[in-house]
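Novice: Starting from the known structure of chain A, fit chain B onto it as the hints suggest.
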Amino acid sequence: MIAETGQFTLVLALIVAIVQGTLPLAGSVKNNIRLMALGSTSATSLFLCVLVSFGCLIQAFIVSDFSVFNVAQNSHTQKPLLYKISGVWGNHEGSMLLWVTILTLFGASVAAFGKNLPESLKARVLSIQGLISASFISFILFTSNPFLRLDPAPVEGQGLNPILQDPGLAFHPPFLYIGYVGFSIVFSFAVAALIEGRIDPAWARWVRPWTLAAWCSLTIGIALGSWWAYYELGWGGWWFWDPVENASLIPWLIGTALLHSAIVVEKRDALKSWTILLAILTFSMSLLGTFLVRSGILTSVHTFATDPERGVFILLLLILISGSALILYALRASLILPGGVFSPISREAALIFNNLLLTTGAAVVLLGTLYPLLLDALYGAKVSVGPPFYNATFLPIMAPVLVACVIGSMLRWKRADLAGVLGRLKVATLTALLVVLTIIWATGSGDVLVALALGVSAWIIIGTMVQVSERINLFKFPLSKSLSRARNLPRAFWGMVISHSALGILVIGITISSAWRVEFIKLMKAGDTVSAGGYTLTFAGTLPIVGPNYTGIQGQFRVERNGKEITVLLPEKRSYPAERNRTTEAGILSTISGDLYTVLGEMSENGEWSTRIYFNPMINWIWIGAILMAFGGLISLTDRRLHIRLLEKFSKEANGNAA
Amino acid sequence: MQLTGKQQRLTIVLLGLILCSIATAMILAALKDSVVYFYSPTNLLEKQTIPERRVRVGGLVKKNEQIYTKTGVVNLFIVTDKKNDITVRFTGILPDLFREGQGVVAEGKIGPNGVFFADEVLAKHDENYMPPEVAETLRRSSKSKTGEPR
Numbered sequence: 008m009i010a011e012t013g014q015f016t017l018v019l020a021l022i023v024a025i026v027q028g029t030l031p032l033a034g035s036v037k038n039n040i041r042l043m044a045l046g047s048t049s050a051t052s053l054f055l056c057v058l059v060s061f062g063c064l065i066q067a068f069i070v071s072d073f074s075v076f077n078v079a080q081n082s083h084t085q086k087p088l089l090y091k092i093s094g095v096w097g098n099h100e101g102s103m104l105l106w107v108t109i110l111t112l113f114g115a116s117v118a119a120f121g122k123n124l125p126e127s128l129k130a131r132v133l134s135i136q137g138l139i140s141a142s143f144i145s146f147i148l149f150t151s152n153p154f155l156r157l158d159p160a161p162v163e164g165q166g167l168n169p170i171l172q173d174p175g176l177a178f179h180p181p182f183l184y185i186g187y188v189g190f191s192i193v194f195s196f197a198v199a200a201l202i203e204g205r206i207d208p209a210w211a212r213w214v215r216p217w218t219l220a221a222w223c224s225l226t227i228g229i230a231l232g233s234w235w236a237y238y239e240l241g242w243g244g245w246w247f248w249d250p251v252e253n254a255s256l257i258p259w260l261i262g263t264a265l266l267h268s269a270i271v272v273e274k275r276d277a278l279k280s281w282t283i284l285l286a287i288l289t290f291s292m293s294l295l296g297t298f299l300v301r302s303g304i305l306t307s308v309h310t311f312a313t314d315p316e317r318g319v320f321i322l323l324l325l326i327l328i329s330g331s332a333l334i335l336y337a338l339r340a341s342l343i344l345p346g347g348v349f350s351p352i353s354r355e356a357a358l359i360f361n362n363l364l365l366t367t368g369a370a371v372v373l374l375g376t377l378y379p380l381l382l383d384a385l386y387g388a389k390v391s392v393g394p395p396f397y398n399a400t401f402l403p404i405m406a407p408v409l410v411a412c413v414i415g416s417m418l419r420w421k422r423a424d425l426a427g428v429l430g431r432l433k434v435a436t437l438t439a440l441l442v443v444l445t446i447i448w449a450t451g452s453g454d455v456l457v458a459l460a461l462g463v464s465a466w467i468i469i470g471t472m473v474q475v476s477e478r479i480n481l482f483k484f485p486l487s488k489s490l491s492r493a494r495n496l497p498r499a500f501w502g503m504v505i506s507h508s509a510l511g512i513l514v515i516g517i518t519i520s521s522a523w524r525v526e527f528i529k530l531m532k533a534g535d536t537v538s539a540g541g542y543t544l545t546f547a548g549t550l551p552i553v554g555p556n557y558t559g560i561q562g563q564f565r566v567e568r569n570g571k572e573i574t575v576l577l578p579e580k581r582s583y584p585a586e587r588n589r590t591t592e593a594g595i596l597s598t599i600s601g602d603l604y605t606v607l608g609e610m611s612e613n614g615e616w617s618t619r620i621y622f623n624p625m626i627n628w629i630w631i632g633a634i635l636m637a638f639g640g641l642i643s644l645t646d647r648r649l650h651i652r653l654l655e656k657f658s659k660e661a662n663g664n665a666a
Numbered sequence: 065m066q067l068t069g070k071q072q073r074l075t076i077v078l079l080g081l082i083l084c085s086i087a088t089a090m091i092l093a094a095l096k097d098s099v100v101y102f103y104s105p106t107n108l109l110e111k112q113t114i115p116e117r118r119v120r121v122g123g124l125v126k127k128n129e130q131i132y133t134k135t136g137v138v139n140l141f142i143v144t145d146k147k148n149d150i151t152v153r154f155t156g157i158l159p160d161l162f163r164e165g166q167g168v169v170a171e172g173k174i175g176p177n178g179v180f181f182a183d184e185v186l187a188k189h190d191e192n193y194m195p196p197e198v199a200e201t202l203r204r205s206s207k208s209k210t211g212e213p214r
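Protein sequence lines, in the order shown, are assigned to chains A and B.
For the first sequence, the numbering used here gives the first residue as 8, with consecutive numbering after it.
For the second sequence, the numbering used here gives the first residue as 65, with consecutive numbering after it.
It is worth saying that the hints were derived from the structure and are not from the lab.
Heads up, a few of these hints could be off.
[Stated by the list, open to error] Coverage of chain A stretches by chain B, computed from C-beta distances (three or more under 8 Å per stretch; other residues unrestricted):
1) 345-351
2) 394-403
3) 604-612
[Said to hold, decoys possible] Here are the computed lysine-lysine pairs in the DSBU-like style, where the Cα-Cα straight-line distance is at most 30 Å:
4) A:529 / B:127
5) B:111 / A:529
6) B:147 / B:127
7) B:70 / A:274
8) B:111 / B:147
9) B:127 / A:421
10) B:111 / B:146
11) B:147 / B:126
12) A:488 / A:274
13) A:529 / A:274
14) A:529 / B:173
15) B:173 / B:126
16) A:421 / A:274
17) B:126 / B:111
18) B:147 / B:173
Glycine included, every Cβ here is placed at the ideal spot set by N, Cα and C.
Only chain A is shown next, with the shape it has when bound in the complex (with noise of 0.2 Å):
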């Protein structure tokens, strides 16, 4: 009955879609306001539908209703619950629910907090959500439906591969998802806004808090996925290159542009087809990725095993639905008026610089990701591009980014003055100089990149807080003067200073990490000692352990520092016997000077345990950085400014009932 339920809603939801997406649009063309008033109305009753059919799959694993073919393959009775509930999404057709689940969320959202919003906008941008909806759902009932049923139902279900029996799986894949399909609400806009011929600061103010939300989310999406294989796959790296991760690096590179042209929109009334054109090509990037994804043609950790079928619909759903949207872009972007001139030194022209190196370094991992395709489709030839190839091209695009966003965060707009710019940054000039000489003479020659690399950070950071101190008027004035400024000081000035440090955090993180990391595989047996990043490794031997639906053996490090014991790493191999596969769990001691990393490998014929040892210097920094760099977002997010209409809206409605 449940899987019944959960196919009739999603019917149901494909009709609701096709309402969506046609009659609110009929209404805006004719000017009749109530076919556009039934854009809200369809948008939170789609969104109602879609969540029950979500609930009714999520309903049968928690169940274990194996004669649903999708629960069957995908789950055990003997699984914890949090497992049998992220399994939902853990395989193809349950994740393409997810997305679409999140898809109408956004949609009913936009219906929600959408009032002060024009009718006939508000109308065109929920017809598009409501046909990009009916697209995806098409999808899921004609190529995935979850909700097949298996006759005879099986006794026992497959299971869930291990290696996702994690908590990571409950997190990562939805904040992904928010992020990429948040993006969908800006295309909308972009796809309403070339419809009306029209674009102004007032529709930059509407998209702003979309694009924050859904950048912020997918921020913190790729943070915990990059950190999900850092501890779960036992490589100690976390970053590959994979395509699957590339695919969520292009729409994160070309929504943090489009942040920055959005400003410019909302401010200075400029750059506003390039606006548009990033709008459409961030979420087109987000359709890209989930096509590369589902359809296995690229190698890639992440690849569920795949039908081509499937690979053939999302391509053409993605040209149907990029391709319209820039074929619209074509005939109409000329409509747009210019907006405000500036000069070449410039807040603005400073943007337009991290704009277009933003996108030409998302550019560069397309073509990387891309490559091996268009070689094995002109010459059968097979190959792989790996990280010398994007550490030869992403990083130089990427060095000025991370030098002009603070020159350019200080510019003034339409005309400044650099040479000012630049003196008011002497501290930061002459702070950076100094890391790049010690490093330099600290590690003897070599290391002249990480030197460079670290003095950027160093420049970012202090270039940032240079900013606060000359807008709080520090030192200048009593402190309680200065901190009461602070305190009146925009939300979006203080999401800007969180996540430009962020930035240099992060690239601090990076550079350590790999510069200095220190690896050891080592054949070990009980009362060998190691010392890596100034501990001491005492391997203690080996015990059995016993999981909820695992068996496995779990290694002993006694760590000790300076003659001290700290604590006891324990890594663990374990097998899973419903799923016949076995994991790595790597015992890690994580602190902020750097994580202590062990595997255990295989035994051999005289009873010694292979290992692997990793120090990773400042790893943490990574994560840590990502992690406010999406909190700066978040706080830029709560800006009053960008809910000013909202509020009016509010206190106009309040004097109303008052009267």
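Specialist: Using the frame of chain A, we list chain B on its own:
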């Protein structure tokens, strides 16, 4: 210097084009040096010259062949495309899903004695999943074995 709107757009387009061409030049240079080609054991044997650069070799881990870990962390195993074999030497800990009959991809350089020195061995997370290159390799070699006249 205040530019007019048209000059401004031209400058931006020009700047974009310059950046794109620099990026293209960098990409081409990097691709030449850092792309890793994939070969099957048969491809590698047929090659007259031993490639100097890093390559990937993929196939199945041969059944009934002992995986040696006697000397500690050095592993020797045989990768086959069911037509030709190649011995792979890998220092380190093999992935969890590494087992006989499993599709694997090894990355590294081929040594003078025909042994492949891998510094990376990939076996995929999903046991039902076969890297497309390996599947293609197997399909080709089984086709040529089951009698297309040559």
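Novice: It remains to establish, for every hint, whether it holds in the given structure.
Specialist: Now for the hints, and whether the structure bears them out:
no., hint, in the structure
1, 345-351, "holds (count 5)"
2, 394-403, "holds (count 5)"
3, 604-612, "holds (count 5)"
4, A:529 / B:127, "holds (27 Å)"
5, B:111 / A:529, "violated (35 Å)"
6, B:147 / B:127, "holds (14 Å)"
7, B:70 / A:274, "holds (20 Å)"
8, B:111 / B:147, "holds (15 Å)"
9, B:127 / A:421, "violated (71 Å)"
10, B:111 / B:146, "holds (18 Å)"
11, B:147 / B:126, "holds (11 Å)"
12, A:488 / A:274, "holds (28 Å)"
13, A:529 / A:274, "violated (59 Å)"
14, A:529 / B:173, "holds (23 Å)"
15, B:173 / B:126, "holds (20 Å)"
16, A:421 / A:274, "holds (11 Å)"
17, B:126 / B:111, "holds (22 Å)"
18, B:147 / B:173, "holds (21 Å)"
Hint check: violations occur at hints 5, 9 and 13; the rest are consistent with the structure.
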